[in-house]
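Asker: Now for the letters of each chain:
Number of protein chains: 2
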Amino acid sequence: MKVEKINVAEKFELVTEYWSPKIIEQMNDYHFKLAKFKGAFTWHDHKETDEVFLVMEGEMQIDFRDRSVKLKAGEMMVVPKGVEHRPSSKEECKVMLIEPAGTVNTGEVVSEHTLSQVDWI
Amino acid sequence: MKVEKINVAEKFELVTEYWSPKIIEQMNDYHFKLAKFKGAFTWHDHKETDEVFLVMEGEMQIDFRDRSVKLKAGEMMVVPKGVEHRPSSKEECKVMLIEPAGTVNTGEVVSEHTLSQVDWI
Chain A
0 MKVEKINVAE KFELVTEYWS PKIIEQMNDY HFKLAKFKGA FTWHDHKETD EVFLVMEGEM
60 QIDFRDRSVK LKAGEMMVVP KGVEHRPSSK EECKVMLIEP AGTVNTGEVV SEHTLSQVDW
120 I
Chain B
0 MKVEKINVAE KFELVTEYWS PKIIEQMNDY HFKLAKFKGA FTWHDHKETD EVFLVMEGEM
60 QIDFRDRSVK LKAGEMMVVP KGVEHRPSSK EECKVMLIEP AGTVNTGEVV SEHTLSQVDW
120 I
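Residue numbers (numbering that gives the first Met the number 0), protein chains in the order written: chain A, 0 to 120; chain B, 0 to 120.
Hint data in this document are derived by calculation from the structure and do not stem from the laboratory. There's no promise every hint is true.
If chains are identical, the list can't say which one is meant, so a pair holds when it fits in one copy or spans any two.
Using 25 angstroms as the maximum straight-line C-alpha spacing, the simulated BS3-like pairs for lysine-lysine come out as follows [claimed, not checked]:
1) Lys10 to Lys46
2) Lys69 to Lys4
3) Lys89 to Lys46
4) Lys89 to Lys4
5) Lys46 to Lys4
6) Lys37 to Lys4
7) Lys71 to Lys35
Every value quoted in this text rests on a predicted model; they were computed, and no experiment measured them.
Please take these sequences and the hints and turn them into a complete structure.
Answerer: This is the structure:
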């Protein structure tokens, strides 16, 4: 763990691919990740954990099976464990994700979005 | 747990006292809290957990026994468990805190800042 402050905007400059979160910090066994969203992600859930989305810049949407929620900069949402969801964004959106270390981005679903490894930046 | 989005700026309007964090969300057994800082807090540490400071508006400082770190809006810092620290702010600063539910704001230290209860807003 780095005992240094983090400038979130500066770290976002190091995120160069969509749907590829990078780890910027750790609190206990939780990771803080930065991601850029554009387009639609894979429908999935996380069986073992809630997941936090905090929008830093832009707008995004989280589709649930029965509704959709729009989020803009300065808004956050906790997706409860076991709840299917699909993040999407028409234009580039910068998002902070908070979830336990080792959480796979597509849950148990395997898609073209599934990451086998998440790097620190 | 509320499965609704949260607008952080709107929630800050409900925080009316300095050094009195209010809970806005829960992820697993962690709480997301909003606090307004002004002046100097109590020196303390948290024996059992790291603690996250994410500055939403304004500027603050975290003093450690051997150095001080200034944080401004868009910057964050994880204070590791067991590390003595003292948050302070010359002007009002709006901060998001992330830590396990039940974490006492002054750790094991008892001061005029110690809260016996933290409410949801």
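Asker: Next step is simple, just say for each hint if it's right about the structure.
Answerer: Now for the hints, and whether the structure bears them out:
no.: 1; hint: Lys10 to Lys46; result: neither (29 angstroms within a copy, 29 angstroms between copies)
no.: 2; hint: Lys69 to Lys4; result: between (30 angstroms within a copy, 8 angstroms between copies)
no.: 3; hint: Lys89 to Lys46; result: neither (27 angstroms within a copy, 44 angstroms between copies)
no.: 4; hint: Lys89 to Lys4; result: between (31 angstroms within a copy, 19 angstroms between copies)
no.: 5; hint: Lys46 to Lys4; result: between (32 angstroms within a copy, 21 angstroms between copies)
no.: 6; hint: Lys37 to Lys4; result: between (28 angstroms within a copy, 20 angstroms between copies)
no.: 7; hint: Lys71 to Lys35; result: both (13 angstroms within a copy, 23 angstroms between copies)
When the structure is compared with the earlier hints, violations turn up for hints 1 and 3 and for no others.
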